[in-house]
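Asks: Each chain, written out:
Protein chains: 2
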Amino acid sequence: MPNTILQESSKLTPGILSLIPTLYVGWADSILSPSEIEFVQSKIKELDFLTEDDKAYLLKYTDPRNPPSDEVFKTWKLAIQRHSTTLNAEDIASLESLGLEIAKKGIGYQNEALWKAPQTKQAIRDIRKSLGIQNRDGARILPGHLVKVNPHTDINIVLAKEMQEHLDGDYKEIGDKIKKLLRDPFFAYKTLRNKDEYRDHVLEQLKTLARQGLTSYSFPTEYGGQNKPGDHIAIFENLAYHDLSLTVKYGVQLGLFGGAIQGLGTESHHRKYLKPMMDMDLLGCFAMTETNHGSNVKGLETVAVYDHASESYIINTPHEKAGKEYIGNAMHCTMAAVFAQLIVDGKSHGVHAFLVEVRDKDHNLLPGVRIEDNGYKMGLNGVDNGRLWFQNVSIPKENLLNKYGDVDDNGQYTSPIENPNKRFFTMLGALVTGRVSVGLAGNSAAKTALSIATKYGSQRRQFASKDGIEETIILDYPTHQDRLFPLLAKTYALHFALQKLNTDLAADSDHKDRRKIETKAAGLKAIATWHATHTIQECREACGGKGYLAENRFTDLKADSDIFTTFEGDNTVLLQLVAKGLLTEFKKSFHDEGVKAVMKYIGAQVSQKFSEYNFTATRNTNIEHLRDRDFHLEAFRYREKKLLYTVSQRMQGYIKKRIDSNQAFLKCQIHFLELAKAYVDRLVLRNYVAAIDKMPEGDAKDSFNLMCDLYAVDTLLNNKGWFLENDYMEGSKTKALRRLKQKLYQEVRPRANTLVEAFGIPEELLGAKIVLYN
Amino acid sequence: MPNTILQESSKLTPGILSLIPTLYVGWADSILSPSEIEFVQSKIKELDFLTEDDKAYLLKYTDPRNPPSDEVFKTWKLAIQRHSTTLNAEDIASLESLGLEIAKKGIGYQNEALWKAPQTKQAIRDIRKSLGIQNRDGARILPGHLVKVNPHTDINIVLAKEMQEHLDGDYKEIGDKIKKLLRDPFFAYKTLRNKDEYRDHVLEQLKTLARQGLTSYSFPTEYGGQNKPGDHIAIFENLAYHDLSLTVKYGVQLGLFGGAIQGLGTESHHRKYLKPMMDMDLLGCFAMTETNHGSNVKGLETVAVYDHASESYIINTPHEKAGKEYIGNAMHCTMAAVFAQLIVDGKSHGVHAFLVEVRDKDHNLLPGVRIEDNGYKMGLNGVDNGRLWFQNVSIPKENLLNKYGDVDDNGQYTSPIENPNKRFFTMLGALVTGRVSVGLAGNSAAKTALSIATKYGSQRRQFASKDGIEETIILDYPTHQDRLFPLLAKTYALHFALQKLNTDLAADSDHKDRRKIETKAAGLKAIATWHATHTIQECREACGGKGYLAENRFTDLKADSDIFTTFEGDNTVLLQLVAKGLLTEFKKSFHDEGVKAVMKYIGAQVSQKFSEYNFTATRNTNIEHLRDRDFHLEAFRYREKKLLYTVSQRMQGYIKKRIDSNQAFLKCQIHFLELAKAYVDRLVLRNYVAAIDKMPEGDAKDSFNLMCDLYAVDTLLNNKGWFLENDYMEGSKTKALRRLKQKLYQEVRPRANTLVEAFGIPEELLGAKIVLYN
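Protein chains in written order, with the numbering used here: chain A, 1 to 774; chain B, 1001 to 1774.
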């Protein structure tokens, strides 16, 4: 034991020991606000079981400006551990009984009557409560020990913490940082029904994030950034546990506007704009979408005509419905990244992005610019969406974000990418960050909803099985489990796939794997956001009338996240992109090896693999087989590959009949969507399995595996019609899977609260009155 | 031709004729508001192609206080028909060209140049537009003729009107009346974000409904009512095309509070309270639900203790969470119908309802009553929900609603229903009206959403199949059809089942079929409201970003209707009721004929019927068979009966093993839910088929049949896993059904707009900017 700790240890009298557990947890959570402190200090001064020295010591460590040093902290922890080894579960069930028990072991313990008096315990409890600490937090300071666990309502904190470490992975530090900040009363939820007040509030919060250095993660260090794009997305993911208006505002300013400058601009733009943009001195919007063109960005109609005489671009909105629409930051910004068709010498070179000043320093609109408020929306009313139109707005030549296309000194268009189509998709590649972010944010919203519904479901009772006995906890009803647990399992599964995607994207600075990442991002964004919408709805309903009250969070959660299925790419359109991507990959192999050969090979692979499997497995209802990960992976693979093969066959058939390829695509459109879903399902399972494989054996791994079983079985059952139709399974097997699913619910039930606790969402952020403790 | 018409006909000069089509449609729609009239009159005075006599005639019929008589109306109609028989589609494509064409046939037509001048046509167009008339409305006045129909965007008005007649059925008159009223500018949608303003506004609207005599339909004529309970529910259904806050407020005051007085009270209560309640002089709430007891009404904890000495009841809320919760009208009311456990001489007689005054004339709370606002909710913020607590509130003996239980002059409890359980369920029977109403209102909300999404989808274009050609209408994408059309089909199907239920309920004044109706109401309420939530979500997404703007209605539609799945009985709980009801029926036959015999009989029926069918049908992919209504009915029946049989078998098995019946029920709970869903699916199909069978042959019937095909095929496919699992169909057949479904989309597509027009929801009530015409 180092000297300082020994020295510090000697100071711990019985009086100090009695309050150490409470203080320790208080500081560990860093939740000491000024008003709490004041109350605690006045309380300490009153305590008759403390000496004046005790009081002085304790008061010192309730001063927020004087946090205990690491040594002091360790001393406290060791003292608690040392003195508590012989205690039983009851003694450590609350921080106050723990404190009183270890006080007994302190030097000079006497006057037992005073220590045993009920008001002594009550005094410590009051201090704990005024610090906002729940008793279950006590377990954190006793590794190896647990507070007595009631499997129906309590949480295995140690397991939850361990699982959270796995979930947070590389993003633990940034996640803890942002969550700690968001727990500050400054960020406490407010009911702001008036959009203008709400928008001002969100802007203020965004500026606070900037002051805390949280807006610079995705930008290069040479311009004041931190060059950690993965952390940037993780901030977005964690902000999404809080107000989604703030999250989206953050994404608009930094991901979209800042992202356009960084991704489409060149050094001079970076030098001039990145720093003020990060500092919120330059607020900008991303003016891409138009009323008549959302999904079809290529078809947008705003034009930027180059005028060589004045070396400038003239921006025009050709008609009302070619105005920019739903543009976030429209009412607050002074600059817009405007996407327009670049015309040089009467020739169009396709969509490019231009920086256009839209307001002066007094926030007046500049000549030729018209901006209108989009008004109230279903949700996200803290974000100032608006419409923009331009009439003969002239901007200097250097305001073209010219990384992928420029006009040279002779007034000639030049581009490093010759193929205009390829150029367009390269420029749009910047959207991938947004899609990964929104996918993760959707999953955060789902986690919040599941945390509230699970916690409420394990407290709420309704209907007694017999008169005179206590009513049943609603989470014990199989139908309630059937409502929540498969969604919980899928949320876990999506988490790992989305997180891996974030890490892969951050690592792909040379854009080598960009196309693959884009396909994955499109697919995961679609599936994760639909999952979020569905999950939040189910959780709202699972909380009954309570879920309908604004005070229980679902109101905002549902309304704010609803647009996720549409923005950053409409989900249906994205899944078509995914399917087309898969087909292109498939076709590539045609070109290398010839159509017939490849079709034959794949066909053989699908049917051979299948017939090998067929004899043994279609009717195998053995429970080990049904929980076997290889069986899951193979079934998911088979579904994807067969859908790919059959849709290719159909397309081939139509094209042979000389049906126009677009018509052929339309005929197969629903089939394509099925393929894309099968692809994402398999991607998610593979990533989940890979993540679990890396974990050490133990409770945490077992819990992840249990959720993975449930995800796999649930997905198979959701597609059982397809598997039966294709003779991949017989009815006896799908029925066995259904029985297994209900068995899995029974395994999930005792850890349900632990499983949502593992998401690590602080109560302040859950923001639901029905699940506030004490 | 009657004389008056002949006489009137002679007045129709060319000038008058030119404006007759426009005026006719204007009056037919009764949408002439004062400001419109003023504009039209000043316009008419200016027209140089009218004589002074023409002007006088026309001005006379633009005075809202002077509507044209039936004769005048008929004259106009005949004149238009007579003069337009030789016209071609182009001539009648607009009301102005139609007017100018028939003017030519008028006596004394001359000065052709003036009539052909563009400004003449423009002047008539201006008048049409200022009356808010769309050209497509012109078709209404030309039965047998149609405006030129573009199958992609236009509407076959004649067919839509004919279909609407079938949909409205017996409730056409009341529906037209209420819709006409709601189109009045007084009811125009407002964005009221502040709940208190919104609540005042809704209360004002409710009072207007009362003044219009629309609040008395469900009450007996002897107390000022109209004794048309079916019409009362139809009003609720039609109000649900408008603001759902108003709808719910109406339901709370009349259905719940008024319904309790009428259904649970006796003559003295009716005499004293019904009239002021209908007139909104007595605002009341229905205080049943408590924080700790919602679904389990039987377990509610508020008590009413009878005190014989004072002949009064003392009402008490035993603890905070036994307070009444989510109570609509809580902030506006002066009286509450309070549900409490009745205690007489220390003995509980179960839940009874008591009338408790809660506020005095100055709207101050009375002693012992505490009421708190429930605050903001997800939606329905125009309804004043609150919480109520009672402390020693004394009410006179006569305030017990004593139809099913009373205390006699000796202080003894008496009841016409001896069995307390039966008594409880009889009292709760009053809730059935609410369930039928909410089911219908949910379907109204779904119709609104589908009308908006279909109309928008057939205007909106995105992505061209090739460069340089017009972009594709999004409703032409199979995935978009897949999104909307099955939901449209189910909405049609649910409509007939719900409407039939309303009519059956109204006819059941002697409560003879009450239990059956309750089962149906529980099941249909659950399925219809889930369908509404799902449909609105899908429609919102189908409108992309536009669907997220408050101006396009989904914001309110989604938020307001969301609670439908929870209130008037939580859907999951209701489906369990349904399943239990079915099992009870099933068990009844046990008692009559012995367990074994019945089980054997049903088992044989299920398997025999099945094996007969088996050889010929499991793999029959003939399209006529797949569209054969008998095949659909038989498959739906089989699913319901087999689920009933198997769940009974399972229950029997558990009970044989001496498993407690409640435990056994829990083990089968998910199975029970499946059974309830299968029952409702079949109920809906049967009612739909019965309604169609009564229709005369023709386009309307064909269209209903097409939607019925789609409903049946879609439902079969949604359960294809089950049918395959149970060897009722082979994969070849389910695949054929899938192909058929896409074929049906192609048949639905050209009439999609007509199919939503047939719902007859006025544009003012749709309230979506994206689908306002012109």
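Hints are computed from structural coordinates only; laboratory data are not their basis. Hints may contain errors.
[Unchecked claim] With a straight-line Cα cutoff of 20 Å, these simulated SDA-like cross-link-like pairs (lysine to any residue) come out:
hint, chain 1, residue 1, chain 2, residue 2
1, B, LYS1580, A, THR472
2, B, LYS1466, A, GLN341
3, B, LYS1190, A, ASP467
4, B, LYS1667, A, THR472
5, A, LYS321, B, ARG1461
6, B, LYS1347, A, GLY375
7, B, LYS1397, B, ARG1461
8, A, LYS77, A, GLN110
Values in this document were obtained by computation on a predicted structure and should not be read as measured data.
Asks: Now tell me, hint by hint, if it's right for this structure.
Replies: Hints, one by one, checked against the model:
Among the hinted pairs, B/LYS1580 with A/THR472 is consistent with the structure: their alpha-carbon atoms are about 18 Å apart, no more than 20 Å. Straight-line distance between C-alpha atoms of B/LYS1466 and A/GLN341 comes to about 18 Å, which keeps the hinted pair within the 20 Å bound. A threshold of 20 Å between alpha carbons decides the hint, and for B/LYS1190 with A/ASP467 the separation of about 50 Å lies outside it, so the pair is violated. At roughly 14 Å between alpha-carbon atoms, B/LYS1667 and A/THR472 fall within 20 Å of each other, so this suggested pair holds.
With a C-alpha separation of about 12 Å, the suggested pairing of A/LYS321 with B/ARG1461 holds against the 20 Å cut-off. A threshold of 20 Å between alpha carbons decides the hint, and for B/LYS1347 with A/GLY375 the separation of about 59 Å lies outside it, so the pair is violated. Of the pairs offered as hints, the one joining B/LYS1397 and B/ARG1461 is violated, with about 68 Å between alpha carbons and a cut-off of 20 Å exceeded. Using a Cα cut-off of 20 Å, the hinted pair A/LYS77 and A/GLN110 is violated, with the two alpha carbons roughly 23 Å apart.
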